[in-house]
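Trainee: Residue numbers (UniProt numbering), protein chains in the order written: chain Z, 1 to 353; chain U, 1 to 353; chain G, 1 to 353.
One thing to keep in mind: the hints can contain errors.
Copies of the same chain look alike in the list, so a pair counts if it works inside one copy or between any two.
Unchecked claim - List of simulated lysine-lysine pairs, PhoX-like, C-alpha gap at most 20 Å:
1) K117 - K47
2) K330 - K47
3) K115 - K323
4) K205 - K330
5) K269 - K205
6) K205 - K323
7) K184 - K205
8) K205 - K115
9) K267 - K205
10) K117 - K267
11) K330 - K4
12) K4 - K120
13) K323 - K267
14) K47 - K205
15) K4 - K323
Because the hints were derived from the structure by calculation, they are not lab data. The structure displayed is predicted, hence computed values, not measured ones.
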Amino acid sequence: MNQKLFFTLLFGLFLLSGISHYAHFGTTIEFIISAAAILFVAGFLGKATESVAHYAGQRLGGFLNATFGNAAELIIAIFLVREGLFDMVKASITGSIIGNLLLVLGASVLLGGLKFKEQKFNVQLASHNSSLMILAVIALAIPAIFISNQHFSAGSAEFLSITIAVILIVAYVLWLIFSMVTHKDILEDVEETTPDHGEEPAWSKGTSIIFLVLATAMTAFVSEWLVSTLHTFTADFGFSEVFVGAFLIAIVGNAAEHSAAVLLAMKNKIGAAVEIAVGSSLQIALFVAPVLILVSTLFGPTMDIVFSPIELTAIAVSVFIAKSISRDGKTNWYEGALLLIVYIILGISFYLI
Amino acid sequence: MNQKLFFTLLFGLFLLSGISHYAHFGTTIEFIISAAAILFVAGFLGKATESVAHYAGQRLGGFLNATFGNAAELIIAIFLVREGLFDMVKASITGSIIGNLLLVLGASVLLGGLKFKEQKFNVQLASHNSSLMILAVIALAIPAIFISNQHFSAGSAEFLSITIAVILIVAYVLWLIFSMVTHKDILEDVEETTPDHGEEPAWSKGTSIIFLVLATAMTAFVSEWLVSTLHTFTADFGFSEVFVGAFLIAIVGNAAEHSAAVLLAMKNKIGAAVEIAVGSSLQIALFVAPVLILVSTLFGPTMDIVFSPIELTAIAVSVFIAKSISRDGKTNWYEGALLLIVYIILGISFYLI
Amino acid sequence: MNQKLFFTLLFGLFLLSGISHYAHFGTTIEFIISAAAILFVAGFLGKATESVAHYAGQRLGGFLNATFGNAAELIIAIFLVREGLFDMVKASITGSIIGNLLLVLGASVLLGGLKFKEQKFNVQLASHNSSLMILAVIALAIPAIFISNQHFSAGSAEFLSITIAVILIVAYVLWLIFSMVTHKDILEDVEETTPDHGEEPAWSKGTSIIFLVLATAMTAFVSEWLVSTLHTFTADFGFSEVFVGAFLIAIVGNAAEHSAAVLLAMKNKIGAAVEIAVGSSLQIALFVAPVLILVSTLFGPTMDIVFSPIELTAIAVSVFIAKSISRDGKTNWYEGALLLIVYIILGISFYLI
């Protein structure tokens with residue numbers, strides 16, 4: 001899509017979404033317009049982040065990408081937290097993780113595999129990330145299993161949630177230090193397929209910073225407009241909070257990454273596509289989720305870290321099938337189809353709740 | 001066993017089983033004779049299928065082997081479904097999967113390993129199948145976990161069961177396309193150890209087809225006779241439906257493959273033995289089980305796809321230990337002993353229910 | 001630590017512990033002194049075992065190390081069993097396994113990794129042990145899942161516990177035969193990094209045997225003194241039996257191995273450190289735990305093999321993250337940090353129960 005068309009759609013949908021919100025066009029139309037607008041503002045925010053990261057130099061830029069790469073989702077989720085829609089927040093975290101590991105990775109591997117018989121990527125890439133994904137599953141599963149099997153006081157459950165959130169953020173910061181400072185060279189050999197290296201950004205340094213601020217503000221507005229429709233929207237259509245969070249919100253919030261990964265796979269850069277999908281899942285599990293728990297303490301009752309058994313099942317299942325498929329460093333269309341099949345099974349199951 | 005003795009026993013036991021059924025010899029004797037007869041008709045059906053597959057050419061023949069390889073079990077299970085013995089059907093599916101992954105594979109690896117210090121096979125063989133086995137575990141576990149944790153209406157549970165059955169059959173058909181059409185060459189390099197290549201069948205084309213029809217009919221009769229005894233038999237001996245399905249029925253229905261795999265392992269063809277055991281498990285999980293759910297809709301109430309926690313545990317445990325042992329492409333007697341030990345632990349636990 | 005100082009502390013703390021026990025110094029002070037004494041008598045017992053094993057020749061010595069390597073823990077646990085503190089026994093088994101796989105391995109990998117950028121060890125080492133660890137998880141999980149999902153009579157549960165205990169001991173003995181007799185040569189190539197080869201013991205043969213008897217007796221006495229304080233101690237401080245067993249007892253009983261593994265890692269012998277941590281976990285799961293069940297039948301009601309869901313979660317989680325990290329035969333500081341993070345999450349969760 002060329003820049004002019006992109007900006008026209010971006011600002012057009014943003015304005016339309018604002019008008020429909022303040023003029024009360026009706027829940028369904030407001031939901032559709034704001035969801036369409038989110039697609040563009042999230043894409044804009046992603047591009048602006050990458051552009052600023054480019055000018056910030058390798059280390060600070062890497063840090064920016066690593067912490068703000070899922071900024072759009074974080075902003076949407078903060079508005080959900082403020083509304084007290086904790087079930088929808090957790091569902092959207094679940095949906096982002098399974099969406100990245102099954103839908104994004106599956107579509108990339110399937111479409112890449114239809115074009116190229118076998119696509120290869122560096123195995124170490126997968127191996128380095130897989131222990132982190134297991135940590136994420138463990139950290140999310142342990143509180144749920146402990147709290148459902150033992151009597152915990154409300155205070156203990158809150159303390160456990162906040163402590164685990166802090167520990168996960170520490171683990172994420174240590175990972176950034178490991179991958180960007182102490183073992184940068186080892187991982188760089190591996191990540192030669194990374195998408196951004198060497199690509200010149202389209203905007204100057206000053207423009208990039210202004211755009212980043214603008215994109216963040218726009219994302220915040222549209223997120224608020226979108227979230228304000230959800231209560232009525234789910235009631236009108238009889239969707240569960242969990243289904244809306246895990247599928248609608250998660251797909252809209254991640255669409256920009258989805259298309260980027262698929263395009264890379266179709267250029268035979270499957271390694272970069274894998275990195276986007278897995279890296280984004282890790283960021284959500286180890287950074288976005290714990291930040292949301294800490295943020296919730298600012299607004300009122302703490303959101304606990306206790307995911308439901310079906311959410312944990314969905315996350316664990318996605319991690320294991322993605323691990324199994326990426327372990328050998330080779331992909332083919334059937335492996336992509338398998339990932340999508342698991343996504344469809346989960347989607348139908350969530351829909352039927 | 002030479003052909004003459006085989007056919008004598010086959011037709012002798014078939015006749016005896018029929019006589020004992022119609023003359024009402026008594027449940028226990030009828031059960032024992034029909035179980036012995038099943039061993040031979042299932043073996044006969046397997047040989048006839050292979051023989052017809054040989055004359056059908058590589059592609060159609062591969063398809064025949066892939067879909068009718070577990071025909072005997074499918075036929076027995078259809079009669080169980082018609083009788084409404086759903087718990088026994090699911091138990092026999094469970095029993096076939098764990099029987100193949102633990103008993104058949106364990107006995108092959110142990111007995112092969114006592115003769116040869118270390119047996120090797122192509123690692124890719126295991127790797128290609130392991131993602132499919134994980135899909136099977138996921139597809140069977142998700143409905144159980146969702147339905148036990150959330151309120152599903154009876155209609156939703158039925159819809160979910162039928163949908164997942166259709167999805168699994170689609171996954172299986174895609175797998176056949178992948179392994180027999182688009183990526184045939186890659187897998188063929190791997191499967192040089194496949195048992196049947198190049199072996200001339202004992203019967204002519206016409207005889208093979210007649211034998212296939214005859215064997216199918218005989219299997220259907222003996223299955224009906226066997227199933228008709230089960231209700232009284234389990235009641236008389238105090239066995240649970242689950243134990244009979246998971247161990248007695250599963251062992252009788254799979255005996256032909258069991259002996260084939262062990263004989264191959266003792267000829268140092270451990271790769272072919274692994275392929276029989278794992279391939280048969282996949283066929284049962286991804287083809288036989290969903291077909292039985294669809295078949296049940298013809299007879300009355302739909303059999304749901306909800307396996308019990310202990311059945312899912314048994315299946316998951318078998319998949320993980322088999323995966324762990326086959327991952328390095330090398331086997332020794334101790335690994336076979338480990339598989340058998342897990343089978344014994346499961347067997348005792350099921351027996352004590 | 002030089003020998004003279006070690007013996008002074010050993011006998012000094014032993015005497016002090018005895019005096020404090022018989023003179024009733026008070027529960028807290030008795031607990032602290034006996035815990036300190038256990039550190040030294042367990043270390044003494046470990047050294048004496050190794051020394052006797054050295055003189056006993058390779059095969060018998062290997063057997064001695066394999067069965068008495070966790071003798072101190074076994075002795076403490078026997079006194080717990082005699083007191084009927086079954087929950088604490090199971091918690092201490094859990095704590096020993098997770099302590100070895102997360103705390104010992106994590107500290108070794110982290111501290112070794114801070115000194116050396118990347119440490120390598122033979123991958124086969126990990127692969128040979130990982131199937132055994134999975135067997136251990138399966139054998140402990142199956143009774144819990146079966147008994148919690150089905151009606152088992154008390155007699156059946158007891159029969160299942162004793163049978164599984166016997167099966168695990170058989171599996172362990174078969175493993176000793178495999179690794180010390182039939183496949184000794186294959187594993188020896190792998191275990192070139194084993195700590196003890198070639199190191200001369202400090203004591204003569206006669207002294208070693210006397211010291212082994214003395215150390216066993218001292219361990220038994222101090223264990224009894226320690227265990228006698230636990231009932232009052234946990235009540236006074238409001239700790240749960242499970243927390244005391246899983247963390248306090250397990251850390252005190254394993255301290256000698258902990259320091260040995262960390263010191264080896266810091267000398268860049270990470271393979272030996274991995275072997276201590278994983279080997280010790282295996283010994284506890286496959287030998288110490290089943291022996292305790294059989295021992296319990298001598299004192300009164302049989303201790304069943306049913307671990308609680310949170311204990312099984314902790315064990316399974318530790319096995320999977322340790323497997324994931326050790327699979328590639330390379331370690332770095334971040335992987336050690338990950339293991340310690342999981343240990344901290346589990347520790348806090350157990351503490352809050």
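Trainee: Determine for every hint whether it applies to the structure shown.
Mentor: Verification of the supplied hints:
1. In this homomeric assembly, K117 and K47 never come within 20 Å of each other (Cα to Cα): the closest approach is 31 Å inside a single copy and 35 Å across copies.
2. Taking CA atoms no more than 20 Å apart as the test, K330 paired with K47 passes in neither setting, with 29 Å inside one copy and 36 Å between copies.
3. When the C-alpha separation of K115 and K323 is checked against a cutoff of 20 Å, the pair qualifies neither within a copy, at 23 Å, nor between copies, at 30 Å.
4. Taking CA atoms no more than 20 Å apart as the test, K205 paired with K330 passes in neither setting, with 39 Å inside one copy and 41 Å between copies.
5. Proximity of K269 to K205 under the C-alpha cut-off of 20 Å is found in neither arrangement, the shortest distances being 28 Å within a copy and 50 Å between copies.
6. Neither within a single protomer nor between protomers do K205 and K323 lie at most 20 Å apart by alpha-carbon distance, with minima of 39 Å and 46 Å respectively.
7. Taking the shortest alpha-carbon separations for K184 and K205, neither the intra-copy value of 26 Å nor the inter-copy value of 52 Å comes in at or below 20 Å.
8. In the homo-oligomer, the alpha carbons of K205 and K115 never lie at most 20 Å apart, since the shortest distance is 37 Å inside one protomer and 40 Å across protomers.
9. Taking CA atoms no more than 20 Å apart as the test, K267 paired with K205 passes in neither setting, with 29 Å inside one copy and 49 Å between copies.
10. Taking CA atoms no more than 20 Å apart as the test, K117 paired with K267 passes inside one copy only; the shortest distance there is 13 Å, against 35 Å between copies.
11. In this homomeric assembly, K330 and K4 never come within 20 Å of each other (Cα to Cα): the closest approach is 38 Å inside a single copy and 50 Å across copies.
12. In the homo-oligomer, the alpha carbons of K4 and K120 never lie at most 20 Å apart, since the shortest distance is 36 Å inside one protomer and 53 Å across protomers.
13. Taking identical chains as interchangeable, the C-alpha atoms of K323 and K267 are never at most 20 Å apart, the minima being 23 Å within one chain and 33 Å between chains.
14. In this assembly of identical chains, K47 and K205 lie within 20 Å of each other by CA distance solely inside one copy; the values are 13 Å within and 66 Å between copies.
15. In this assembly of identical chains, the alpha carbons of K4 and K323 never lie at most 20 Å apart, being 40 Å within a copy and 51 Å across copies at closest.
Going down the numbered hints, you'll see the structure goes against 1, 2, 3, 4, 5, 6, 7, 8, 9, 11, 12, 13, 15, while the others check out.
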